[in-house]
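> This is what each chain is made of:
Number of protein chains: 2
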Amino acid sequence: MLFIIDRNADTSAQNQLREQIIAAILNGQLPAGTKMPSTRKLAKNLSLSRTTVVLVYEKLVENDFLIALNRSGFMVSDAAVSHLPMAVKLSPVRTSIDWKARTDALLSHQRNIVKPANWQDFPYPFVYGQPDASLFPLPAWRECSRQAMSQSAMRDWASDAVTADDPELIEEIRTKLLPKRGIYAGAEEILITMGAQNGLYLIASALMKGGVRVGIENPGYPDARNIFEFCGAALLPLEIDGEGVVVGDALKSAQMVYVTPSHQYPTTVTLSEERRAKLLDAASSRDLLVIEDDFESDTNYTGESVPALKSQDGEGRVIYVGSLSKSMFPGLRLGYIVASAGLIRELRALRRLIVRHAPSNNQRTTALFIAQGYHDAYIRKLHNAYGERWEKMRAGLDNHLPGMTTVPSFGGTSFWIRGPEELDAELLATRALKEGVVLEPGAVHFMQAEEGRRFFRLGFSSIATNRIDEGITRLARLLDLR
Amino acid sequence: MLFIIDRNADTSAQNQLREQIIAAILNGQLPAGTKMPSTRKLAKNLSLSRTTVVLVYEKLVENDFLIALNRSGFMVSDAAVSHLPMAVKLSPVRTSIDWKARTDALLSHQRNIVKPANWQDFPYPFVYGQPDASLFPLPAWRECSRQAMSQSAMRDWASDAVTADDPELIEEIRTKLLPKRGIYAGAEEILITMGAQNGLYLIASALMKGGVRVGIENPGYPDARNIFEFCGAALLPLEIDGEGVVVGDALKSAQMVYVTPSHQYPTTVTLSEERRAKLLDAASSRDLLVIEDDFESDTNYTGESVPALKSQDGEGRVIYVGSLSKSMFPGLRLGYIVASAGLIRELRALRRLIVRHAPSNNQRTTALFIAQGYHDAYIRKLHNAYGERWEKMRAGLDNHLPGMTTVPSFGGTSFWIRGPEELDAELLATRALKEGVVLEPGAVHFMQAEEGRRFFRLGFSSIATNRIDEGITRLARLLDLR
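If you read the protein sequences in the order shown, they are chains A and B. Residue 0 is where the first sequence starts when you use numbering that gives the first Met the number 0, and the numbers rise one by one after that. Residue 0 is where the second sequence starts when you use numbering that gives the first Met the number 0, and the numbers rise one by one after that.
For reference, chain A alone in the conformation it holds in the complex:
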């Protein structure tokens, strides 16, 4: 019986050995009744301390995988395999069904942002929306997670909450996060979502069925476009200029409108005071519903931070979508919707059908992370790190790609670049990879890909500050600007 212990592995030798013995039992290589090698012998073979092996065996006895024979070692128990049904052989699948034809055609044909899966292996990754893991306060998260797993806390979150959210997380969002955006909401006006993306899906699925006309920024967020389309909306492209989304005739026939006022996606321009007022007036006079995606809530590196559009919403027309992906980590999949209690009620009923609720343990851990000030400290840390990179980016772009940054940008985590007339950004991206530079072609952000051919985006949340200038220099070289 051969076991291999990898000393460089992340899990202890003890865990490795336990896992391998269990696998051997479950896969039938160690059938019930098999006598296990003596702890002394096995310890010697694997050059482990005998105690380690003893501990592993004892744990396996606890778990009914082994039986301890008095004074004569250990044996594989039959309890371990009693639950395995007779293996059933599958006859190879005979007919193959045309799934594409049976499923919604949109699914496999939508255009999405794609980055090279191995973007982390490139020296100059100007990718967007991926966190810099080195900045995340992992020990703090561990500590909060530990607290959330206490016996009594567990009682709160083990069972199926059906439609309920963790009241502690709601309270933290309500009293600590929303006030920083100028929003003062009641608990009944907040719904926890599986990230901002899930928030958009819930809103679209509840409100856009059957061709509801939705104004959407163009260029804009491709996932929003895809979600709204899938949910049955008819999309009206809205132009973007230096003050953000243009509030004009294109909006006349709309019933809903989707905007990213804090930093327009992908151009990063902040919606001006005048435009905000104009948009809210239009909403009020034309009975419009406004979806505010505050995905990059507070990333202004120069001057005051601008409160959310929702903070000026006197009629309950603004449906606010918030995210914890940027301020925690994207893999956590947590976000929230703030809207009138009446809408939240409907969205809660819909969420019940789709996911019931976000995982309770993560809700509680995040609540503690906010309550104990770690979230706030992390935001400030990010803000400083990104602010520094933003300055470097701006300087680098002014020096090496003069006149190509399109809008007066003063925040966000990326720059939106308009290349020369004849540029094909897709081609540029391919050639850039060879130089170790990862950038994102802009076409996918436009409803008509062709309009976006010359645009590309440079994100700076993942690239080291001291790599920025060289990365941009290499780009300039590819663009034959030097």
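As the list makes no split between identical chains, a pair holds if one copy fits it or if it spans any two.
In silico DSSO-like pairs for lysine-lysine, Cα to Cα no more than 27 Å straight-line:
| # | residue 1 | residue 2 |
| --- | --- | --- |
| 1 | K433 | K114 |
| 2 | K34 | K179 |
| 3 | K34 | K380 |
| 4 | K208 | K99 |
Calculated from the structure, these hints are not laboratory results.
Position chain B against the provided structure of chain A, taking the given hints into account.
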């Protein structure tokens, strides 16, 4: 400045104090520049050790909430509040929008299972689907969670996986869980979902739009009925008898069929060999797709466990939905779909729009929980505990409610009871609560509520074994059977 330390609270005095100081700073009760009380004074007031207070202050300095003044105590820093925008007062909402009229009417009008929120406070809770927290191996879960939060593991799960699942979890499901159901699948045939419920939603949303005709067990799972209806399916009720779902004319016009072969929901009857063969033949000859909801995969307390229908699927027509809610805890919201790679691809694209993916940290923790044998041990523990309760239930029902258990039940975590002709189970449930007994009226499981008036369900996953007999006795008394 008043802080209150609750010695019986679950969080340490240190955490409580830190939280309260942060709250006071963020809520403006401790404005920037405020001098904090000396550690000696505060420790005395709260009768805490001075070290505790010092530790709290130092942590708050680390997090930029306080500034340490050399030799003269601590002061509230302005960094802490620098991110608060000027408070914006909301004018009270003027118009109120009719959200019910704007959202899908189905949402707020669907019939759902409702249990008293405080069911845990009743001595005889015959509720269904809630775990017995006292049986869950919390220390094991903590250990796996700790391992999943190691620096290197974190790198795997912090970033947005977009459409990918944790390969380690897929591998554990593929090699350890599915073989126990007789299923041998490739990694490309498995999709991780936010619980079985989310699995059903993904399938329905991808395959049932525009009135696809779906056969559904009646009585059956109300959530499935609600999801399919919401996604646009036309439902065909299928009768249930002692062998499970009846494969007859009702199925003739169906394009898809939803079944719970392992233990029919809610009757717990297991689908017979003959019926399985008949169903798969019908599927093959009529080009039917079969959704197998294996929600209670392996809860037979007498005799062999029956492999999944999917294990006999030679044509890739069976779409298998598995759940980890029962075998981990429902609050975790994890499940999986096993189907042809072609369908999994489409469902993955759809999941991207809805939630992207299940939280990565929970995927990794669960993978470790399975890999290290804790899952298997827990299943056996549950199996023994539930088996014991099941025997007690059967004995109690035979003694006190003779002839009311409808089908030859030999598993599951509940009993399905047909009361006397004239019984109104809703009324019974209300009266039972006064006796401390919680039961679930059956009407909600029927497409026509009236058909189910006399039925009710007694779950036994949450009630203590020694309470079962008395609980049933009280029920019998209410039914005037003694």
